[in-house]
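**Q** Fit chains B, C and D to the known structure of chain A by using the hints.
Those protein sequence lines, which keep their order, are chains A, B, C and D.
Residues in the first sequence are numbered consecutively from 1, following our numbering.
Residues in the second sequence are numbered consecutively from 171, following our numbering.
Residues in the third sequence are numbered consecutively from 472, following our numbering.
Residues in the fourth sequence are numbered consecutively from 1028, following our numbering.
Hints are not guaranteed to be accurate.
[To be verified] 27 Å max Cα-Cα, derived DSSO-like pairs, lysine-lysine:
| no. | chain 1 | residue 1 | chain 2 | residue 2 |
| --- | --- | --- | --- | --- |
| 1 | A | K11 | C | K815 |
| 2 | B | K198 | C | K775 |
| 3 | C | K800 | C | K775 |
Derived from the structure by calculation, the hints contain no laboratory data.
Residues per chain, in single letters:
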Amino acid sequence: MSLKKLLKPFKLLSIAKKAGVVTVLYPYQKPLITSEFRGKIVIDASKCMGCGACANVCPPNALSITETEESVILNYFVGRCIFCGMCADVCPVGAIRVSNEFELATTNIDNLNTVLVHKLKGCVDCGKPFITSRMLENVLKKVPFAEKYINECPDCRRKRFINIVSARKR
Amino acid sequence: MWLDISLTIILLLIMLILPPVLDGIERKIRAKIHSRIGPPSIMQTWYDIRKLFAKELVVTDTGYIMFFIAITLFSMTILALFLLPTGFMNIFSRDNISLLLFSIFILAIQLIWMLLSVAPSNPYSTIGVFREALLGMVNELFFMLGLFALLVYVNGLSFTHLISTSYSITYVLILLLLASYAYVSSGRIPFDIAEAEPELASGILIEFSGPLLGMVLYSNLVKRAILYGFVANLIILPLLGELNLLLKILLFFISLLIIWIIYSVTSIIFARTRVDLAPKTLFFFYLLVTILITITWLLRV
Amino acid sequence: MADSVEETKRNLEEMVNVLKKYADNIEFVERVGLIVRVKKERLREVSRFVHDILDSYFRTMAAVDERPINNTFAAYYVFGKDEMGLNIIIETHTDPLDPEIPSISDLVPAADWYELEAWDLLGIKFTGRRLYRFILPDEWPEGLYPLRKDVDYNLRPVKPLARKASKQAPAGPRIPFGPYHPALHEPEYFELFVEGEKVVDVRYNGFHVHRGIEKLAESPRFTYQKVPFLAERICGICGFVHSVSYTMSVERAAKIDVPERAEYIRSIILEVERLHSHLLWIGVACHLLGYDAGFMHSWRIREKVMVLSELLTGSRKTYGINLVGGVRKDINKDKIQAIMNTLKYIKEEFSKLVEVIAHVPQIVKRATGTGILPRDDARKLSVVGPVARGSGLNRDVRKDYPYAAYPYVSFKVPVYSEGDNLARLFVRIDEVFESINILEQLLDKIPQGPIFAEKIEVPEGVIGIGNVEAPRGEAIHVTITGKGRPYRWRVRAPTYQNIPALKIMLKDAPLADAPLTIASIDPCFSCTDRLLVIDLKTGKAVKKTMEEIIKKKKVN
Amino acid sequence: MKDNHLKKSIWVFHLNTGSCNGCDIEILDALTPYFDVERFGIKLVASPRHADVVLLTGPITVKTLPMVINALKAVPRPRYVLAIGACAVGGGIWYDTYSVIGGVKEFKKILEEHGVEIDKIVYVPGCPARPEAIIYGVALLLGLVKEKVSKEVVIIGEGSHH
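Extracted from the complex, chain A is given alone in its bound form (with noise of 0.2 Å):
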C-alpha cells in the first residue's frame, strides 16, 4: 500500500510517455494558430476615405487622424494596436480588415507606422483643402444631387447661404 503510494510519482513517466513530444517547432512549422485570431489590421488604400471613424473608437489611440493645412493623414502604429477589431466593425466603407498576422517584431520601431496621407481637395471658390477626394467621391455616390455645393467648402457655403437669404430679403 504505501509503496504503492510511494511509487505514484512515477506514474509521471507514463503520462509523458504517452503524451509525447507536443512541441510545435515554430517557426519552422505552422504556428498554433485559430480561424478566428485577430492580428493586425489592414487597411485597404484604394477604399479609405480619411473619415477618422476607425480613430474615433480606437481604445488605444493606434489609428490617429492628424489635420494638416492639405492633408488629412490616417497613422496606425501597429505597436500600440490591442487588436480588438473595432475599427474593422465601424469602417463605413470596409476599408479596414483583419488579418491574422502576428510576425510584427522589428528592431526599429519606425516600421511599426502605416502612414495614409489623404491629400484635401480644394474648394471651387476660394481653393481652400477641406475634403478628401475620396469622401467626396463617396457623398456623391450616396447623394449624388449634392454635386452641385459639395465642392464647395463649409464657409464659403454658408457665405453662399447668407448671400441667398439676405438677397431674399432685399
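**A** Frame of chain A, contents of chains B, C and D only:
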C-alpha cells in the same frame, strides 16, 4: 610508462570535456519527460559556458574576493579530478592514500563552495549559505562516517584496495550511503535548497556574472562528475579484476553515464523539500544506514 | 420558493426599519441594492451595525469627487449580505474644502486599504487612523490628488522619476533586490522581516502596477463602449472577469436587458477563463516547489484551453468581445463541439496529473499545515474566493449574487475548513472539475436568440455594481454613470481583499513557506516573490551586516 | 547580432515593468511544452547578472522605473532588450496616463540620461504578444528570420500616383 602518461592525459581531457556534455544529455532527458524538445544539442551546456566567457565581467564591491574564491574552487576541482582513478589508470593511484586524499579534496571543495556564497554582500546569498551549511552539516558528517567504514572495510587508504574487495551486504550499504552523499552534495532536487528556492532568487550565484559565473558553473559540473565517478568506481572496481584495460575504461564511462541519468531522472520526479525538513530526513536516513552498516559489519554478512 | 421570497421581503423590511434610525434616507434600487444615505458622523455606528449585527462582509468602497455635481466628496461603502444576495450601500458626503470622514478601519479591518487609497488618490482625510503614502510613488507632490476632477488624467507632475534611481544605487553597480522574479509575473513585493528563518513581520510594498486606469476611464479618451477594452487589461489572466464586471455594473445601473444568449456566452467564457487560470496556478505552485515536471504538464494541458479561448474570442487572452449590452462574437455548432472535445481532454489528462502531483511527498508535506488562515480571521478580513473557501467560508459570488447564466446551472461550491495551503490547492483542483461540469450544462442549455441588446441608453448619475467570481475571488466594479462615459469607475480586484490576510498566514511561519503561501492566494496584480530580507535579531538588514563583516575582513 | 557565441545560447531575464500579466504569462508559456524556447538554447535566469537579453513587458510605471534602470544596469554587456507587447512598445492603452512612462521610446531617453547603453532593441507588438510572436522576435534577434514589417506611406488624392 609513456603510454601510461599519455593515456592518463587523454582520460583527463575526456573528464574535462565530458561533464557539460552529460549535463546536456540530462537536459535532453528532462525535456523528454516534460513532453518537449529541449536544447538543440547535447553540447548546449558547452555553448552556454563558452558564451559566459565571452561576456563582460561586472565587478561588484566584493568582486575581487569572489574572483579569488572562484579561482580557488576551479583549481581545487581540477586537482580533485587528477585524484580520481579514471579507469584506475592514473599516476597518483599508485600511491597508498589516494582514496583519503580524494575525500579530503571533496570536503575542501564543499567548503569553498560555501565561502563562495559568503563573498557577495547580498541577503539572498547569505540565507542561501546558511541553508547550505545546515544541510552540509548532516551530509558531510555522514560522508566521513561512510568513508571511515569504507576504509575499514577495504582495509586500506587507496583506490587500488577496492579492486581486491568483494561485494557483501555491508559493502552495498556503504555504497548506498556514499551514493546518497554524492546525490545530495551535487545539489539536486529535492536537496538543491541553497540555489533554487524561489525566495532566494538563484541564491548564492546571484552576484556572479560573465566568465566568473562560467567558471563556477563549470566547476560545479566537474564536481558532479567527480562525485558520480567516485560512486561509479565504488560500484565497478570490485567487479572487474582481470579485464582488458580499455574495456575497464569503457565500463567506467558507461556506469558514470548511467549513474548521471538515474540521478537526473530522480531529481525530475520529485519536488524540493523544505529547508528545515531536509536535514532531518537526511539525518534519519543516514542514521538508519549507518546502524545497519554497523550491525552487518558485526555479523559479517 | 414563494416562502423564501416572502421571507426575504420581510427581512428586508425589518432591516430597513432598523436602519432608519441611522439614516437620512433609505432607498431600495432594483438590481443594485439598498442605498443608505447617512451623515458622516453616524457612519461608524451604521457600519458597525451592518458589519457585525447584520453579519455582512465588506465588499468595496468607492470614493468620489462629486464637487462638480453637488459640491461634496462622497464615499460609497458597499457591504454584502450573502444569504440574501443583497448589497447594502452606505453613502456619505463630506465637505469639499477639507474633506474628512471618520475611519472605520478599526471596526471593519478590510476597509483599511480603501481608506488609504482614497487618501492617496483623492485627498480625503480619514480621522482616527494613521494615513500614509500608499499607491503613488514617493516623489509625487504632496497635495496633488490624481483622481480629483480638476486634475488632468495625463498630468505628469514630475519629470520621469530618475532621481530615485541614482539615490538607490550608490557606489558601483549592485543587484536590485527590486521586485522582480523570473517565474512569476509582476513587480509587487513583500518585505519579510525574519529572525533566522522565521518570519516575524510582513510589509507589503505594492502598487507598482498602478497605471491610472480608473482615471483614464473618466477621461475624454474613453466612452462607455471603450472602457471594456481597458477593463480587460486590468489583468492578463482574468481579463474577461473585469470586462464583464464593468459591463454588468453599467447594465445594472442603466437597467439594460442583456439577451439570454449573450449571458450564456459570457458565462461560458468566464468558465473557460477559470479553467486556464487554475491550471496556470497549479503549474506555478509546482514550479515554486521545484517540481518543474508538474509545471510543464499542467501548462501543456492548459495550452488546449488557450487555443479554445482564441477560437471563442479571437484572442488567446479572451480579450475583445465584450461590450455594454452583449457580446460581439456568437458561438456556433463547431465551436460547441470544440469546447466539448477540449473538456474531455482536460478531464482525462488533469485527473491523471492531479493523482501524481498529490502523491509527490514534498508537495504534500510543504502544503499541509502551512500558511494557515483561521476562519475567524478570514471573516474579519472579508477575504474572497478560494482563500475564503479554503478557510471554511462558503462564499461564492456565482451562488450568492447570481449573474450572467449562473442561475440556470447547478454546481457545488467546494469548501475546505483547514485554511492551509493544501486546502486552497484542493479548492482549486475541485473547481477545475466543477467548471467542466458547469460548461457542459451551459452548452447543453444555451438558447437561441440575439447576442446584443437592442437599446442602450445610460442615464447620468446612477450607481451600478457588477460582481464576478474571478478564479481568485470576487471582482467587484462600482460605476457611477456620467455623460458618455463613467463619472467614476471603481475597480476592486480579488487580490486587493486577500493580500491583508497574508500577514496572518505568514507570521511566525518559516521563510521557506513564504513563496507558496504568497502564491496560494493567487495574487493577481501579482507580487508573489520578491522579498527584502531583514534580520531582526541584529536589528539591521542582512545586507548591512554583511557589508560590515566584509569591511572587517578588509581591515584585517 | 554580431556576437556569434550568443547565437547558440541566450539567457533571458524577465522584467515586468507594470504590465497586466498577459505578456508575462505568454513568456512563461513560451517555455512550456508547446513552444519550448529551450530548443533555441534559451534559458530563463533569475538574476539580471546572468542575462544576455532582457524581456521587458509593461508600460514602465513611474514606480517601477528606478528598479528597471537598476536591473538593466546589472546586465553585463552586450545587453539586448526585447520589448514585448503593446505596452512596452508604444505604452499600450494607458500610454498617456499620469503614472506610466509610456513605452520604450520615452524610456530610451531616460536611459540615455543615466548612461545605460543598450546594444539592440527588438520590438514585439501584440496585446498580448502571443508566444509565437515572442519566438519570432527572438528569432529575429538571432537572425533566423527576416523582418516582415516596414514603414508604409500611401498618398491618396490629388497629385498622387497609386
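**Q** Compare the structure with each hint and give your call.
**A** Hints versus structure:
| no. | hint | in the structure |
| --- | --- | --- |
| 1 | A:K11 with C:K815 | holds, 21 Å |
| 2 | B:K198 with C:K775 | holds, 24 Å |
| 3 | C:K800 with C:K775 | holds, 20 Å |
Against the hints set out earlier in the document, no violation occurs for any number.
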